[in-house]
Structures are given as C-alpha cells and as structure tokens.
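Asks: Keeping their order, the protein sequence lines are chains A and B. Residues 0 to 799, numbered by numbering that gives the first Met the number 0, are exactly what the first sequence covers, in order. Residues 0 to 345, numbered by numbering that gives the first Met the number 0, are exactly what the second sequence covers, in order.
Hints listed in this document are in silico derivations from the structure and should not be mistaken for laboratory results. There may be inaccurate statements among the hints.
For lysine-lysine, the following DSS-like pairs were computed, each having C-alpha atoms within a straight-line distance of at most 27 Å [stated by the list, open to error]:
id, chain 1, residue 1, chain 2, residue 2
1, B, LYS250, B, LYS290
2, A, LYS637, A, LYS487
3, A, LYS637, A, LYS443
4, A, LYS335, A, LYS319
5, B, LYS68, B, LYS290
6, B, LYS105, B, LYS69
7, A, LYS43, A, LYS28
8, B, LYS250, B, LYS171
9, B, LYS290, A, LYS20
10, A, LYS326, B, LYS290
11, B, LYS68, A, LYS326
12, B, LYS290, B, LYS105
13, B, LYS290, B, LYS69
14, B, LYS51, B, LYS250
15, A, LYS20, B, LYS68
16, A, LYS561, A, LYS526
17, A, LYS326, B, LYS69
18, A, LYS335, B, LYS69
19, B, LYS68, A, LYS335
20, A, LYS443, B, LYS51
21, B, LYS51, A, LYS319
22, B, LYS290, B, LYS51
23, A, LYS20, A, LYS335
24, A, LYS357, A, LYS319
25, B, LYS290, A, LYS335
26, A, LYS20, B, LYS69
27, A, LYS326, B, LYS51
Predicted, not measured: the structure shown is a model, and the values here were computed from it.
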Amino acid sequence: MTTVSEIFETMAYGPAPESDKQAREWLEKHAREFGLFIGGRWVKGESGESFDVLNPATTERLARVTQAGAGDVDAAVAAARRALPGWSGLAGHARARHLYALGRALQRHSRLLAVLESLDNGKSIRETRDLDIPLVARHFYHHAGWAQLVEAEFPGQRPVGVVGQIIPWNFPLLMVAWKVAPALAAGNTVLLKPAELTPLTALLFAEIAQEAGVPPGVLNVVTGDGRTGELIVEHPDIDKIAFTGSTEVGRTIRRRTAGSGKRLSLELGGKSPFVVFEDADLDSVVEGVVDAIWFNQGQVCCAGSRLLVHEGVAERLLGKLRARMEKLRVGPPLDKAIDMGAIVAPVQLDRIRTLVGKGVEEGATMWQPSWACPTEGSFYPPTLFTNVSPAATIAQVEIFGPVLVSMTFRTPAEAVELANNTPYGLAASVWTENINLALDVAPKIKAGVVWINCTNLFDAASGFGGYRESGFGREGGREGMWEYLKPKWETRNAEVRTRNKKPGKATVSRSAFRVPPSVPPIDRTYKLYIGGQQVRPDQGNARRISGPGGSLVGEVAEGNRKDIRNAVEAAHGAASWARTSGHTRAQILYYIAENLAPRAEEFAGSIDAMTGGGREAARREVDAALTRLFTYAAWADKYDGAVHQVPIRGVTLAMHEAVGVIGVACPEEYPLLGFVSLVAPAMCVGNTVVVIPSEAHPLAATELYTVLAASDVPAGVVNIVTGGKDTLAQVLAEHDDVDAVWYFGSRAAGTDIERASAGNMKRTWVEWHARDWMDASQGEGREFLREAAQVKNIWIPYGE
Amino acid sequence: MEAKRNYEIGPDPQATVPTAPPERALRMYPGPRRNPGTILDMDLVRALRVNKSAVERRAATIPTRRTVKKEWQAAWLLRAITCLDLTTLQGDDTTTNVLRLCAKAKSPVRRDILDALGARELGIKVGAVCLYHAFVATAVQALQDSGIPVAAVSTGFPAGLSPLPQRIEEIKASVAAGASEIDVVITRAHALAGDWEALYDEVCAFREACGGTLMKVILGTGDLATLANVARASQVAMMAGADFVKTSTGKETVNATLPVGVVMTRQIRDYHERTGHAVGFKPAGGIRTAKQALEWLILMKEELGDRWLRSDLFRIGASSLLTDIERQLEHFVTGRYSAAHRQPMV
Numbered sequence: 000m001t002t003v004s005e006i007f008e009t010m011a012y013g014p015a016p017e018s019d020k021q022a023r024e025w026l027e028k029h030a031r032e033f034g035l036f037i038g039g040r041w042v043k044g045e046s047g048e049s050f051d052v053l054n055p056a057t058t059e060r061l062a063r064v065t066q067a068g069a070g071d072v073d074a075a076v077a078a079a080r081r082a083l084p085g086w087s088g089l090a091g092h093a094r095a096r097h098l099y100a101l102g103r104a105l106q107r108h109s110r111l112l113a114v115l116e117s118l119d120n121g122k123s124i125r126e127t128r129d130l131d132i133p134l135v136a137r138h139f140y141h142h143a144g145w146a147q148l149v150e151a152e153f154p155g156q157r158p159v160g161v162v163g164q165i166i167p168w169n170f171p172l173l174m175v176a177w178k179v180a181p182a183l184a185a186g187n188t189v190l191l192k193p194a195e196l197t198p199l200t201a202l203l204f205a206e207i208a209q210e211a212g213v214p215p216g217v218l219n220v221v222t223g224d225g226r227t228g229e230l231i232v233e234h235p236d237i238d239k240i241a242f243t244g245s246t247e248v249g250r251t252i253r254r255r256t257a258g259s260g261k262r263l264s265l266e267l268g269g270k271s272p273f274v275v276f277e278d279a280d281l282d283s284v285v286e287g288v289v290d291a292i293w294f295n296q297g298q299v300c301c302a303g304s305r306l307l308v309h310e311g312v313a314e315r316l317l318g319k320l321r322a323r324m325e326k327l328r329v330g331p332p333l334d335k336a337i338d339m340g341a342i343v344a345p346v347q348l349d350r351i352r353t354l355v356g357k358g359v360e361e362g363a364t365m366w367q368p369s370w371a372c373p374t375e376g377s378f379y380p381p382t383l384f385t386n387v388s389p390a391a392t393i394a395q396v397e398i399f400g401p402v403l404v405s406m407t408f409r410t411p412a413e414a415v416e417l418a419n420n421t422p423y424g425l426a427a428s429v430w431t432e433n434i435n436l437a438l439d440v441a442p443k444i445k446a447g448v449v450w451i452n453c454t455n456l457f458d459a460a461s462g463f464g465g466y467r468e469s470g471f472g473r474e475g476g477r478e479g480m481w482e483y484l485k486p487k488w489e490t491r492n493a494e495v496r497t498r499n500k501k502p503g504k505a506t507v508s509r510s511a512f513r514v515p516p517s518v519p520p521i522d523r524t525y526k527l528y529i530g531g532q533q534v535r536p537d538q539g540n541a542r543r544i545s546g547p548g549g550s551l552v553g554e555v556a557e558g559n560r561k562d563i564r565n566a567v568e569a570a571h572g573a574a575s576w577a578r579t580s581g582h583t584r585a586q587i588l589y590y591i592a593e594n595l596a597p598r599a600e601e602f603a604g605s606i607d608a609m610t611g612g613g614r615e616a617a618r619r620e621v622d623a624a625l626t627r628l629f630t631y632a633a634w635a636d637k638y639d640g641a642v643h644q645v646p647i648r649g650v651t652l653a654m655h656e657a658v659g660v661i662g663v664a665c666p667e668e669y670p671l672l673g674f675v676s677l678v679a680p681a682m683c684v685g686n687t688v689v690v691i692p693s694e695a696h697p698l699a700a701t702e703l704y705t706v707l708a709a710s711d712v713p714a715g716v717v718n719i720v721t722g723g724k725d726t727l728a729q730v731l732a733e734h735d736d737v738d739a740v741w742y743f744g745s746r747a748a749g750t751d752i753e754r755a756s757a758g759n760m761k762r763t764w765v766e767w768h769a770r771d772w773m774d775a776s777q778g779e780g781r782e783f784l785r786e787a788a789q790v791k792n793i794w795i796p797y798g799e
Numbered sequence: 000m001e002a003k004r005n006y007e008i009g010p011d012p013q014a015t016v017p018t019a020p021p022e023r024a025l026r027m028y029p030g031p032r033r034n035p036g037t038i039l040d041m042d043l044v045r046a047l048r049v050n051k052s053a054v055e056r057r058a059a060t061i062p063t064r065r066t067v068k069k070e071w072q073a074a075w076l077l078r079a080i081t082c083l084d085l086t087t088l089q090g091d092d093t094t095t096n097v098l099r100l101c102a103k104a105k106s107p108v109r110r111d112i113l114d115a116l117g118a119r120e121l122g123i124k125v126g127a128v129c130l131y132h133a134f135v136a137t138a139v140q141a142l143q144d145s146g147i148p149v150a151a152v153s154t155g156f157p158a159g160l161s162p163l164p165q166r167i168e169e170i171k172a173s174v175a176a177g178a179s180e181i182d183v184v185i186t187r188a189h190a191l192a193g194d195w196e197a198l199y200d201e202v203c204a205f206r207e208a209c210g211g212t213l214m215k216v217i218l219g220t221g222d223l224a225t226l227a228n229v230a231r232a233s234q235v236a237m238m239a240g241a242d243f244v245k246t247s248t249g250k251e252t253v254n255a256t257l258p259v260g261v262v263m264t265r266q267i268r269d270y271h272e273r274t275g276h277a278v279g280f281k282p283a284g285g286i287r288t289a290k291q292a293l294e295w296l297i298l299m300k301e302e303l304g305d306r307w308l309r310s311d312l313f314r315i316g317a318s319s320l321l322t323d324i325e326r327q328l329e330h331f332v333t334g335r336y337s338a339a340h341r342q343p344m345v
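Sequences are here, hints too, so could you generate the full structure?
Replies: Dropping the structure here:
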C-alpha cells in the first residue's frame, strides 16, 4: 500500500481506473453470446459457428459471437431489400427524426459505449470517451440534418438501394457511424459487418437502434470474419459496397465486384506525411506528432507516420520528441491517465514487431523510451526511427502501429516530393507559421485531407477519404452524401445486360494507309493526336471505318499499347493545365465551340456518313455538342469548393481538385456528342485526358484534331488514340500512372476494366446501362464534374 | 543591446545537484539558486513561434490525459499547499486579516485531517505569504521561525506605471522590511511595443534592486495580447535574471490560463536547456479549486518534470484555493462531502 507521505515525495501518478461494471453487466445480460441482427430481430446463425472476442489488454474472453454464413447474409440482404421501399419512401423529415433519436440514444449510452469500446479494442478510455463517442453522436446529428434536407438539396437523386458496409477494427463504433449515418439519411437500407476482432459496440449499436425505433430491416448487423465479408461483397442483390480497411482487401473487393454494377467507396490505407518547416512552433509540433502517430496506438489509417523535417531543425525537434516520448504512458486501456492502450490483437503486434525488426535490419536507427510496457496483453511502446531512406521498407509500408519514421528535406519542393513519394494519398499534416508556405504546399500534396498546424481532426461536416491507393469516395459533409445517392433516371447497372450497340467488327488492313480508288479526293490521313501533334501509330497500321451499308467512309490509325503509353506521358506533361485559372480554361472551351461552329455542317455530314442516322439528327448532335462545350466553359470558373462548418476556430476548405490523367473510352453512339460530353467536363476541372473515341465511328473525333489545335488547347491536355476501344481501354486501366478510367461500352469489357483498375486503385466510371446523351439532365452537369474532381479538405485553424 | 547567445553562463546543474536516487534528489535539493540571467539574445526572441490553436489543443488535454485519484490525489493536494503563495492583495487589507493569513499559512490543514492522512510529520505549510509592502513587517514578525517566506508585490503593482526610481525604491523598501521574495510587474507597454531591450533593462534594474532576494516577474499575460508576446516576455525576463516568471497580478480581466501556462513552461524548459538555470513558474489569479491546482501540477510534471513540483520552482498564487483543497482532503478522509465553514478561515 502506497502511503500519502510516500506519494507526496515521489509525486508519481497512481492508478485511475474507469469502472467496467456496467459493460460487464451488459455482456452478462446477453450471457456473453450474441446472434445476428436481421430484420429487426436477433437471430441465431444458420451454421451454429461462432468465435471468441477477446480483450487485447488482458487476453480475457469477452463474448462469443456468431459467424454469419451464406443463408444469414441472404436473409439480411432480403430484410434490407424488403425495408427499402418503406424507408426510402419516408419523407426526409421522418428519417431525420429517426437519426436524431439515434444520436440522442447514443449519447444516453455514451459511457457504456466508451467502456465497451475500450474493452473490445484496447484503445484508451480517454480516446473513446473524448473522441470516438462524441464524434459518433455528432455524425448522427449532422446526418439527421441531411435527411431533413436531402430532397431539397439533392434534387433528382434517389438512394442507391441496399448497401453492404464492411468496417475495420481500429475505430469500431466511429466507423459504424461514418457508414450508417449517411446511408440511412439518404434513404438506403444497410447490411453492416463489423470487424471480427471488435464487433461488440456494433452489436450494442444495433440494440440501441432497435430501442430507438429504427424500422426492422433498415439496419442489419451480421458478424463474421473475411468469409462473411466475401459473401457480402459478392451478393448479387446488394447495390453498393462501402469498405474501410486495408488497401490489400480493398483491391480484392475492387476485383470481386468488377462487372457487378455495384457502386463502391473505399477508404483504405495510408502512409501519411507529417511535414515540419523550419519556422514551425516546434513544441507544438511535438504534441502534433503525439496526436498523429501515438493516437489509437498508431492504428489509424491517416496516422502521420512519416515525419519529414527541414534539416535545419531536425536535431532540435528529434531531441524534443524523444523527451516527450519518455513521458508517454502505456498501460491498461481503462486507466484514465494513460496515453496509449493495447494493440488490437497478437497478430497485429507480430506485424509491428516484424516491420520494426525489418527497419533495424535495413540499417535505420531505432529509438524507444527507457520505460517498459506491460508484459501481459498486446502492448507496444512508441517507437522512433531515424536515418531512414525513402527506399526503406518502414518508409514505404503501412505499419499500423506506434512507429514513426523520420526523414529530412532541404527545400519546400523536396518536402512535397518526399510527401508524395508513396502509392497512398490519404492525409497530410503541414506545420509552418508562414501562411503563404502552408497554402502553397497543401494543394501540392496528394491527399484527401491536409491539416495545417494540426492533425487527426475529424468532423461530420468535412469529407474524409483518399487519393491514389488510399481509395476513393468521401465520408462526411455534402461530398459524403453523394456516395449514397444516384440520379433518379439511372437504372441499376446490374439489371442491364449491355447498353451499347455492338461495335462493328474491326478489320485491320496490314497495308498501311490505303488510297481510295477511282476519282481521287485529296487523301485525308487520320493519325493519332498526342502531345498536340498528329503522330503516326506505333505499328503503322490503319483501321477501316465503314458506313451503315458497309461502304468505306475513311480509315483511322490503329493505336496500340505503346501509343497509349506515349499519350499518357504527354498527358502528364500537360499537368500545369490544372493550375491554369478557371477563366482561362473557360476561354479555351468557348474557343473550341467557336471553331467547331463554322464546321457544323461538315461534322454533321461525317456523323451521318458513319452512323446513317440522317443528316438532321447528325446536325442536332453537333448543336448539342456546341451547347455542351458552352456548359463546361460556363462551369470552368464556377465549380467552387466549400468552406465547411467544423467545430474549430478556423476554416476547412473543401477544394475541388482535378483527378489527374483520365483515360476516357467514349460511348459508341453519338460519335461527337459522346466525346465532347466526357472530354469537356474533364478539361473543365483541370484534368488531362487520353481519349479513345467511338470505335465504330471515330471520324468525328479525328476531325476534331484540327479544331483543338486551332483553339489554343495546350499540347497534351487532350490526347486521342483511335483503334480497338476495349483493348486500348484495358491498357489504360492497367496503367499505374493513370488516375482514373471512364469507360462507356460493353459489360464484358467494363468488367475487365474494373478488375484491372485494382492495380493502382484508380477511380473508375464504367457504364453499360443506357444514358440519353441528348438529354441535358443525363448528359451533362454536376455528375460529370464530380467524376472529374476529387475533394481535398484543408483544415486551417487560426488565431494569434 | 543585441548580442550573441551565450551558453556558458552558470554552473553545470548536474555538478551542484547531489547524486541520489531521483526521488531522494528532489528532497535533498539545496534550495533556490539564483538565476544570474544572460545577455539579451534578440535573435532568439525574434525567432520564437507560438501557434495558438495548437497550444490550446495541448492545454485542453492536460486535464484529460492525466488524473490522480484517492491517495494520489490527497498527496498531490498536500503538495499543492506547499507550493501555495497564500495571498491577500485587497484595498481593505489590515493587520487583522494579515495576521489571520499568517496563522493559516503555518497550519494550513486541520490537524485531525493530517493525522488521518498519516501526513503529520510532513510539516505541511504554505510556500509563502504574498501581500503589499505595508504588511511586510507585520507578516515577517508573525512568521518568524516558521520558515515561511514573505513575498511583497512591488514596482507599482498591479499596473507597474509609477516612475522607475520609485519602483526601484519600493523594492528596496520591501527588502529592508524583511521580504525574502519580491513579485515585480513589468511595463506591459514595452512588450506590446516590441521594445524588448527596454523590458530587459527594466527587469535587470529590478534584479539589481532585489539584491540577494528572490525575484518573481509578473508578466500580466492577460494584457499581452498574444501568446507569442507571452513567450517573448518570458524569455526576456529570464535573460534579465527572473527567478520565477509569473502569469498575472490577479487584477487583469484574464489571469492564469492553461494555454499561457503551456507557453511559459515551455520557455522555462528552453531556457534551462540552453543555460542550465532552472527558473520557477507561478500561475496566479483565478485558481480557486483543488481540481485546478491538480491541473497546474500535471502541467508542471508533464512540460517541465518532477523537479518543478517543489516550492522552490513552483508556486500557485491564490487566496480562496486553500479552503477548497481542505474540503477535498476532508472528503478523502471521511468519504463525505465537506463544507467551507468546516475549515478554519483564512
């Protein structure tokens, strides 16, 4: 027994445990056995299979939970499907009341949820109490608001349908909220699978939702491991999959859902940079690092795990950091005076140990504080690596543990280069007292969230999500709502077998460019259009283009993979297009229209000759293309971002940024309008494109070369490769330096493209259902702009 | 006045601290050593950066990342009492209430409570009493043989705007009357104008007038407009020889706040790392509850370390705080919530 007198001398911290009595009573009330929550009822799993859920801090068994099988998932999907008409048919106000009630109910149970979360996951009670649970409630209140406003603010939209949601173990309940709140607000019904390591708060959430009166079937919770996840991913009657977890699993999901018509949003891994410039408040930087990498034991997808420091202050900062690390406390998660709790499971602890071992083996210098971690349970101390090169495994791989690697830079440009030297792009933190530098660097870092002089701030009003292999889609804010809505006119992709007319069989003549017989017109040789030049195709072959009666209307170059490669290089070379002003981009889009208009009859003639749809229809198409160019010229300086209302003294700027290089495979119908409808919005937002025109009717696009060249379109902004559409699109989909692929064609090729996109997790927009390109509500507008942009949220606290 | 940084001033702290296990070393520390100050390093002062939002976030988690319960809380509260500058600075102060204050300073906690805590032999008494010059002689006499220092607020407290010669004379008068600590106030105008040379000169003059007497420098942080100014003023005061930097007079509209405490303790840490001189910290004004006292102790332990949890390097300037601490101690002993009127009046 430590006496008051002794403590008076040592001034040590003592134990400060939070009681787990209430949580244990809740577990006992359920006899520590849990079924599945399907159709508003608790049911046993069909197979009778179940698994243990352990407390990672003590290895004690907390409960036994059901492994859901195929029949269970079927039942849950059916329940959600049955509930969909009623739920989506409710007035927004009624759904708002439900979500509001959920938010209130969660707050009423906040302490139980916080303690249960800590027991199940091993994270500290301070974090669950002060961060997780308040944010959970905040998400439901915020989205109660969206439910109220959805009809007015998202006109012409409807819910996507039945949504399968698969969430990770690092923020078990917070991820429930991030997934369920927007889905329900928009009118979807949900099938949720919590992680098998941490299912308990999701089960308690289901119980709370049941008590709060959420109608049966609107929310279904099934537990299980990856096998259950697979059943959800592959279920034919699910309209959308929302997943948060590792990039590896995200890749698998992308492949497995290819061609299914399921919508997808993926929030994946990261190796986020934490950039410190020489004029930063270094003591505050140290606390920032604590919040970046020693928050939640470093098991955070957006953890600032790569410390990039200006070389002039690196030693000072690292000295301060080591001193701070000595003062961190690792211990029982329910102790109210610790900084870090337990690692979620032995398997994760092993992974951390292995990677740290690898770091040492590869020559980096490891430093850990002098104190010791608890030996029972899964604990790992805060760890700092110095002398790390960008090539080191620990500098590249997501460790998902309390391990920080540090590197130095010399200039802001080098800092950006190092920051972007990763396949990921989830988040970044930038520390400087110079606002010019901060606001210059933030847009240059490839990340969905950039925190200026802060880190790991989250709020329901601000979108969260990644660039590159950190996934796509946003959670939170207006941008997050779009993930759970689709246009009213859109049929389910999955219901449609194929949308396009089958393209004419390509016949490739081996004899290079053919001169037409008899009365010779002046030969018009269509090459490829790459980097602002008309260039010959790599293989020197041409493709015969026939009219409706089979007559030759022209020949175009037969592009191949090397031509695509060259076009992608050229598109990257024109990246400064994204930095031109909206006004300039508008001027150029207007100029294209201006130069196209005098040649309207000529283009109409060419279209008619290819499609045989009649001269009048062809002329209408040209006019529609001219209108569309005006539409995106109009949008170019108006596709504004937003300033989100987050609860800090500061601003959160939601900026629309170009996706980068987009590969576009145009629809077969409307040879000119299809091309313009896709290329113009991409250009409007600042992307550069590699376009594959309609395979059967490419001549309208090839005629456009001269229009583009005459309209001051900078070289490389638009690159056009004619040839076999599906083959070329596949090359684009497989290209790791292409940021997005848009494909409008057959389901079979679309499936291949979605699957291939998993290579670098590029965004895809693949459609084989019908779309009326002549109808402005389907053929243009915000939907296209959203596909052409990604939202970057920049958090800027201020105050002096 | 500008000059290069000098790292050579002062003895190596390692050399003067007796070698002993850390917890013993704390106890055996030989008492306050004076901060000799340094030359004014304007490069350093100008380079100081403070990010307000980040500091506020840190301050907000000081009370949420750490807590002490039960025996630990009782022990920490006793420690807080020993760091207390029991203060009265009212216009209606008279000998009567000053004498009452001195009596309370000598036995700040009821004997039965100390016995129940097993803390009788600790000899708990406050860190100092703090009052106006007029009562220094009275307090010195009342506290003779108690070992409790008498601190006098000085230099035209609280605004510090009397003529400089009078302010210097005021210090000398209090020293002559037997004050062993002088709490001086700075001319806030110097800080607001960025005239750090003038501030340095002023504090140097105060330091000289104090002679061997311990000097606490009140920055009046509520008047300094920005946290960056707080950081700069702290550094300049330490360079000029402050033994303590103190937040406030208690008369500003905003007094001791945790963000200000975070900034000042970080400057103390930086000064110590650079020069080897440990400067003390005194938050004052608005600290009324035992919970707040614990938060300040946690701040000291986290930002500066255990060495700064002793009265030679940490003081809390407060009047009514003691009564709340006594109530909490009684609650710990009896398990029942206590009342202020159960504690002997200050």
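Asks: Quickly compare the C-alpha distance for LYS68 of chain B and LYS290 of chain B to 27 Å and report which way the hint goes.
Replies: The given pair, whose Cα atoms are some 11 Å apart, holds under the 27 Å limit.
Asks: Between LYS357 of chain A and LYS319 of chain A, is the straight-line Cα distance small enough, at 27 Å or below?
Replies: Holds, at about 26 Å.
Asks: Given the hint that LYS105 of chain B pairs with LYS69 of chain B, test it: the Cα-Cα distance must not exceed 27 Å.
Replies: Given that 27 Å is the threshold and the Cα spacing comes to 25 Å, the pair holds.
Asks: For a C-alpha distance cap of 27 Å, please report whether LYS68 of chain B and LYS335 of chain A respect it.
Replies: holds (10 Å)
Asks: Sort out whether LYS28 of chain A lies within 27 Å of LYS43 of chain A, counting only the CA atoms.
Replies: Within the cut-off at roughly 17 Å; holds.
Asks: For the pair we were handed, LYS326 of chain A and LYS290 of chain B, check the Cα-Cα distance against 27 Å.
Replies: The given pair, whose Cα atoms are some 22 Å apart, holds under the 27 Å limit.
Asks: Next pair to validate is LYS20 of chain A with LYS69 of chain B; report whether the Cα-Cα distance is within 27 Å.
Replies: Holds: LYS20 of chain A and LYS69 of chain B sit about 19 Å apart, inside 27 Å.
Asks: Keeping to a limit of 27 Å between CA atoms, is the pair of LYS68 of chain B and LYS326 of chain A held or broken?
Replies: Satisfied, since the Cα-Cα distance of roughly 19 Å is no more than 27 Å.
Asks: For a C-alpha distance cap of 27 Å, please report whether LYS51 of chain B and LYS250 of chain B respect it.
Replies: Roughly 23 Å between the alpha carbons, so the hint for LYS51 of chain B and LYS250 of chain B holds.
Asks: Decide if the proposed pair is consistent with the structure: LYS20 of chain A and LYS335 of chain A, CA atoms, cutoff 27 Å inclusive.
Replies: Satisfied, since the Cα-Cα distance of roughly 16 Å is no more than 27 Å.
Asks: Taken at face value, is the distance from the CA of LYS443 of chain A to the CA of LYS637 of chain A at most 27 Å?
Replies: With Cα atoms ~21 Å apart, LYS637 of chain A and LYS443 of chain A stay inside 27 Å; holds.
Asks: Hinted pair, alpha-carbon criterion (27 Å max): LYS290 of chain B, LYS51 of chain B. Please report holds or violated.
Replies: Since the Cα atoms of LYS290 of chain B and LYS51 of chain B sit roughly 24 Å apart, the hinted pair holds (cutoff 27 Å).
No hint from the list above goes unmet by this structure.
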